[in-house]
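Chains as they are written, first to last, in the numbering used here: chain A, 6 to 301; chain B, 4 to 191.
Derived by calculation from the structure, the hints in this document are not laboratory data. Treat the hints loosely; a few may be bogus.
[Stated by the list, open to error] When the alpha-carbon atoms are kept at most 27 Å apart in a straight line, the in silico DSS-like pairs for lysine-lysine are as follows:
no. : chain 1 : residue 1 : chain 2 : residue 2
1   : B       : K184      : A       : K201
2   : B       : K56       : A       : K300
3   : A       : K259      : B       : K56
[Unchecked claim] Here are the in silico distance ranges between beta carbons for each label pair:
no. : chain 1 : residue 1 : chain 2 : residue 2 : range
4   : B       : S113      : A       : D251      : 40 to 48 Å
5   : A       : L70       : B       : R123      : 24 to 32 Å
6   : A       : K21       : B       : V173      : 56 to 64 Å
7   : B       : V173      : A       : R130      : 40 to 48 Å
8   : A       : T77       : B       : L55       : 41 to 49 Å
Note that the structure is predicted; figures quoted are calculated from it, not measured. Glycine included, each C-beta is placed from N, C-alpha and C at the ideal position.
The residues making up each chain are set out below.
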Amino acid sequence: MASAGKGTRGALNLLKNLPRVGLNNIKPLPGAFFKAPRRMGGGKSKRKCGRGHKGQGQRGTRPRLGFEGGNTPFYLRIPKYGYYENHSRRRQYPPLSLYRLQYLIDMGRIDTTQPIDLASLTIGRALNINPKRQHYGINLVEEGADIFQAKINIEVQYASELAIATVERNGGTITMSYYDPMSLHILVDPIGFFTKGIPIPKRALPPEDLVEYYTSAESRGYLADPKEIQKARLALAEKYGYKLPDLSLEERFKMLSIRKDPRQVLFGLGAGWLVDMNRKTVLKPTDPELLEFYKS
Amino acid sequence: MAAPFGKFCPRLSSRLSPSFQAERCTTPKVSACLCSQQATSPSAEGVRTDPLKPAQPEFVESREDFKWVERLIPRHQIPPIPEHPNYPTPCGWVPPRDPPPDLPYSVRRSRFCHIPVYQRFRKGGSRKQTVIAHIEGDIWALEKELEEFLPAIIGRNPAIQVNEVARKIVVKGLVMEEVKKWLLEKGF
Numbered sequence: 006m007a008s009a010g011k012g013t014r015g016a017l018n019l020l021k022n023l024p025r026v027g028l029n030n031i032k033p034l035p036g037a038f039f040k041a042p043r044r045m046g047g048g049k050s051k052r053k054c055g056r057g058h059k060g061q062g063q064r065g066t067r068p069r070l071g072f073e074g075g076n077t078p079f080y081l082r083i084p085k086y087g088y089y090e091n092h093s094r095r096r097q098y099p100p101l102s103l104y105r106l107q108y109l110i111d112m113g114r115i116d117t118t119q120p121i122d123l124a125s126l127t128i129g130r131a132l133n134i135n136p137k138r139q140h141y142g143i144n145l146v147e148e149g150a151d152i153f154q155a156k157i158n159i160e161v162q163y164a165s166e167l168a169i170a171t172v173e174r175n176g177g178t179i180t181m182s183y184y185d186p187m188s189l190h191i192l193v194d195p196i197g198f199f200t201k202g203i204p205i206p207k208r209a210l211p212p213e214d215l216v217e218y219y220t221s222a223e224s225r226g227y228l229a230d231p232k233e234i235q236k237a238r239l240a241l242a243e244k245y246g247y248k249l250p251d252l253s254l255e256e257r258f259k260m261l262s263i264r265k266d267p268r269q270v271l272f273g274l275g276a277g278w279l280v281d282m283n284r285k286t287v288l289k290p291t292d293p294e295l296l297e298f299y300k301s
Numbered sequence: 004m005a006a007p008f009g010k011f012c013p014r015l016s017s018r019l020s021p022s023f024q025a026e027r028c029t030t031p032k033v034s035a036c037l038c039s040q041q042a043t044s045p046s047a048e049g050v051r052t053d054p055l056k057p058a059q060p061e062f063v064e065s066r067e068d069f070k071w072v073e074r075l076i077p078r079h080q081i082p083p084i085p086e087h088p089n090y091p092t093p094c095g096w097v098p099p100r101d102p103p104p105d106l107p108y109s110v111r112r113s114r115f116c117h118i119p120v121y122q123r124f125r126k127g128g129s130r131k132q133t134v135i136a137h138i139e140g141d142i143w144a145l146e147k148e149l150e151e152f153l154p155a156i157i158g159r160n161p162a163i164q165v166n167e168v169a170r171k172i173v174v175k176g177l178v179m180e181e182v183k184k185w186l187l188e189k190g191f
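With the rest of the complex left out, here is chain A:
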């Protein structure tokens, strides 16, 4: 270290060898800055405990944040635009990962010997779909694509390309299907609907902006041409580099090829039918006009 000799020589030595003066190596002399000790109640003798004097502030009855005395507050007055416009009215598709689907199949909560739709997923408690919250169905998500191993016939509302490829590679089939909110209510709670004593309504067709999606073969739409779908299956297999299993050789081929009619909400139950839970029967109309209506 620097040898602090006497006089100028010593001082010059120090200057030569000590580190440069910076904010990290200086401090004031003790007693240079005086910080007055905090007294309870401040300078004058106050006994309000920081709450002020009278009024809503002291009494703790202030209204909610943003309230402006009754006029429409600023945060409600200003309209949303762009990304946030009508966000509460947009269609939502809560996600279901392939990992969770595989987990439910492993635990025996979903039966792979039957076609899987939103009703079976609700019974297996896969996830909570609430049509009142603008949920329009399920979005099959790719998480777990590497561990997925089940042969299923599944019907969802949206799936990405990799999710479709994973299902088809394992020898299953996947279809994208549209359910309007009324049909979704029935699908999510069918027994609750049957107890109302209303005949099963027709499922509505998709709105204009969704028609293109549900009629395209690439997205395996339920309104697409089956021949186009077969071509798309082969194209996807080529793209992702797997061999597409021949489903016609499967013993479950019949189950894998079951699809709902575009106007049908539940498997095996047609539009216009009435379910009697007490007598355990299904009542079907015979009037030709009604049949014509429900077929259209």
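Since the structure of chain A is already known, use the hints to place chain B on it.
Just chain B, lined up with the frame of chain A:
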């Protein structure tokens, strides 16, 4: 019904034509179900028919189709886990070893048959803990084994709390994955 829709979406209406539907659908349609079950109306001549009562019955009953309703009835119990050829299953689940390991304590599986080790975040997320629940038998023996096992992960003197009444052990720190694996290796 299809005509006004056809104006907006000509592609769609062609896809809904009866011939196209007949090709692609394998589920029984309304008309197909009814053909075989059409009831005959009393049509003897000379019998006065009541104009208020319809000649044909308004509906047809079917008990066979109720099976499609039975599969929609929700479950009220957790179904038993099916047998798998290999373990772990594709999602990573392993059943408890049979017979159970010969230890003074045992860690029972949860109702969904998972290992009962959970993470707990309290005090706004700053207090991180790991909880081992459903411990039966000598809980202090498990605590002693944890004191030997945890220093390698957390560091020396791991903070462990034993709750004999609630039958759980709380460890300070997030060690859920390691403890689960360790208990699985023991056979619980």
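Status of each hint after checking the structure:
1. Of the pairs offered as hints, the one joining B/K184 and A/K201 is violated, with about 50 Å between alpha carbons and a cut-off of 27 Å exceeded.
2. For the given pair, B/K56 sits about 26 Å from A/K300 by alpha-carbon distance, which is consistent with the 27 Å threshold.
3. With a CA separation close to 43 Å, the supplied pair A/K259 and B/K56 exceeds the 27 Å bound.
4. Separated by about 42 Å at the C-beta atoms, B/S113 and A/D251 satisfy the suggested range of 40 to 48 Å.
5. At roughly 30 Å, the beta carbons of A/L70 and B/R123 sit within the given window of 24 to 32 Å.
6. At roughly 60 Å, the beta carbons of A/K21 and B/V173 sit within the given window of 56 to 64 Å.
7. Between B/V173 and A/R130 the CB atoms are about 29 Å apart, so this pair departs from the stated range of 40 to 48 Å.
8. The supplied range of 41 to 49 Å is broken by A/T77 and B/L55, whose beta-carbon atoms lie about 59 Å from each other.
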